[in-house]
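Line order of the protein sequences matches chains B and S. Positions in the first sequence are counted from 1; adding 129 to them yields this note's numbering. Positions in the second sequence are counted from 1; adding 534 to them yields this note's numbering.
Hint data in this document are derived by calculation from the structure and do not stem from the laboratory. Think of the CB as a built atom: it goes at the ideal place given N, C-alpha and C, for glycine as much as any other residue. Some clues are possibly wrong.
[As the list claims (entries may be wrong)] If you anchor each label on the Cβ, the simulated ranges turn out as follows: (1) B:T149 x S:G576: 17 to 25 Å; (2) B:G169 x S:T637: 21 to 29 Å; (3) S:S613 x B:D195: 39 to 47 Å; (4) S:I594 x B:T156: 18 to 26 Å; (5) S:E616 x B:L140: 33 to 41 Å; (6) B:D136 x S:N611: 36 to 44 Å; (7) B:H174 x S:T647: 20 to 28 Å; (8) S:W645 x B:S187: 26 to 34 Å; (9) B:G169 x S:N585: 26 to 34 Å; (10) S:T547 x B:E184: 45 to 53 Å; (11) B:A139 x S:I594: 24 to 32 Å; (12) B:E144 x S:H607: 18 to 26 Å; (13) S:P604 x B:L240: 48 to 56 Å; (14) S:T554 x B:E184: 41 to 49 Å.
Residues per chain, in single letters:
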Amino acid sequence: SQQGEEDPQALSIQEGENATMNCSYKTSINNLQWYRQNSGRGLVHLILIRSNEREKHSGRLRVTLDTSKKSSSLLITASRAADTASYFCATTTGGGNKLTFGTGTQLKVEL
Amino acid sequence: DSGVTQTPKHLITATGQRVTLRCSPRSGDLSVYWYQQSLDQGLQFLIQYYNGEERAKGNILERFSAQQFPDLHSELNLSSLELGDSALYFCASSGRGTPSGNTIYFGEGSWLTVV
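Chain S on its own, in the form it takes in the complex (with noise of 0.2 Å):
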């Protein structure tokens, strides 16, 4: 157990739809990553909030958001959704120890099918 909680772990919606996966990331990390993994791109990353504020952008969509609380938990924002929105999308986390040696902790993931 990583430590980094995801919900929901399935979601089935239709295309069009808007979601939003919600994590919690490992007791006293400040860090939260996003990354999307699917057949044909691999693992990529999305966006990075620490401690509140956006600190690192990917190959995210203008279509998907995303936000770290107060609590520092995360939440990802997925609008209009497309079939090929369809993937496993990762919440990882960091943040205790040297900012350049963080081992970055993930969770199990939450499945996105779009139907």
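This is chain B alone, in the form it adopts within the complex (with noise of 0.2 Å):
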């Protein structure tokens, strides 16, 4: 089952835009971990905020946390062609380690 539900499905921007997806999740969470996917590919971990964190910076990526509305978002600043690819929030809950994947959002950026 999918603990989170990403928002957009789909995101179509020119390059040098900003892009934010949003993700939504059902439990209390111990962190949550956004990652990349280009197309078939692995999966690349791009940030980890924790539940008693309301913000996160790395390069060009603003990760956001809100508890009280169960949700987080990801903004990709100065979006370039390679930033193209799906991105996928995942939530640790509970006492152990596995992650439970979102929906993605498909980003593509145009030149």
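Given two chains presented individually in distinct reference frames, assemble the corresponding complex, making use of the accompanying hints.
This is the structure we're talking about:
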């Protein structure tokens, strides 16, 4: 079963624009991680935000977490064609470390 | 490169057959996870091992089994294969850092096609 729902399902923007993806989840979490997947390739870890954190930055990435709304957002600033990929949020809950993935957002960055 | 190595990268086999997927975790990582990604089910957690012991079980079919060896590599065995088992199978590992805050790193996956 999917823990998270991502919005939008697909996003198409021009190079240089910002891209924002949202993730909602259902239960209390330990942390939330964002991954990128190029078509048919492996999952690349982007950033981890813990449940007691509200915002985190990594290069052109900014992640926010609102545990009261059970939601997170990933902002990619100054997007590049190479950012074209699917982006997934994934949460860990309880005492374990297994990830429950969202449905993903397909981002297309056009030149 | 995540440091997680999976073999084979691609595999085509017939229904009813059995295959073994292999995973070497990142150096020093004690936990190994297996995930399945298919078009209809998305990314699904199958099973986790920690230092050789099964730690958590997800949506893993009885026809599937896994183990983690003393050298920490892991194998996922898929038997009596059906067309619907065609998917991308990921191995992931974690283990450095605090238990609740571990980053989980994924391999490139093994593409399984059942014909």
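Hint check results:
1. B:T149 x S:G576: 17 to 25 Å: Given range 17 to 25 Å: holds, Cβ gap about 21 Å.
2. B:G169 x S:T637: 21 to 29 Å: 23 Å, holds
3. S:S613 x B:D195: 39 to 47 Å: Since the Cβ atoms of S613 (chain S) and D195 (chain B) sit about 44 Å apart, the hinted range of 39 to 47 Å holds.
4. S:I594 x B:T156: 18 to 26 Å: 21 Å, holds
5. S:E616 x B:L140: 33 to 41 Å: 35 Å, holds
6. B:D136 x S:N611: 36 to 44 Å: Hint holds: Cβ distance 37 Å, inside 36 to 44 Å.
7. B:H174 x S:T647: 20 to 28 Å: 27 Å, holds
8. S:W645 x B:S187: 26 to 34 Å: Because 29 Å falls inside the window, the suggested range holds.
9. B:G169 x S:N585: 26 to 34 Å: For G169 (chain B) and N585 (chain S) the Cβ distance comes to about 32 Å; the hint holds.
10. S:T547 x B:E184: 45 to 53 Å: 47 Å, holds
11. B:A139 x S:I594: 24 to 32 Å: 30 Å, holds
12. B:E144 x S:H607: 18 to 26 Å: 41 Å, violated
13. S:P604 x B:L240: 48 to 56 Å: 51 Å, holds
14. S:T554 x B:E184: 41 to 49 Å: With a Cβ separation near 43 Å, T554 (chain S) and E184 (chain B) satisfy 41 to 49 Å, so the hint holds.
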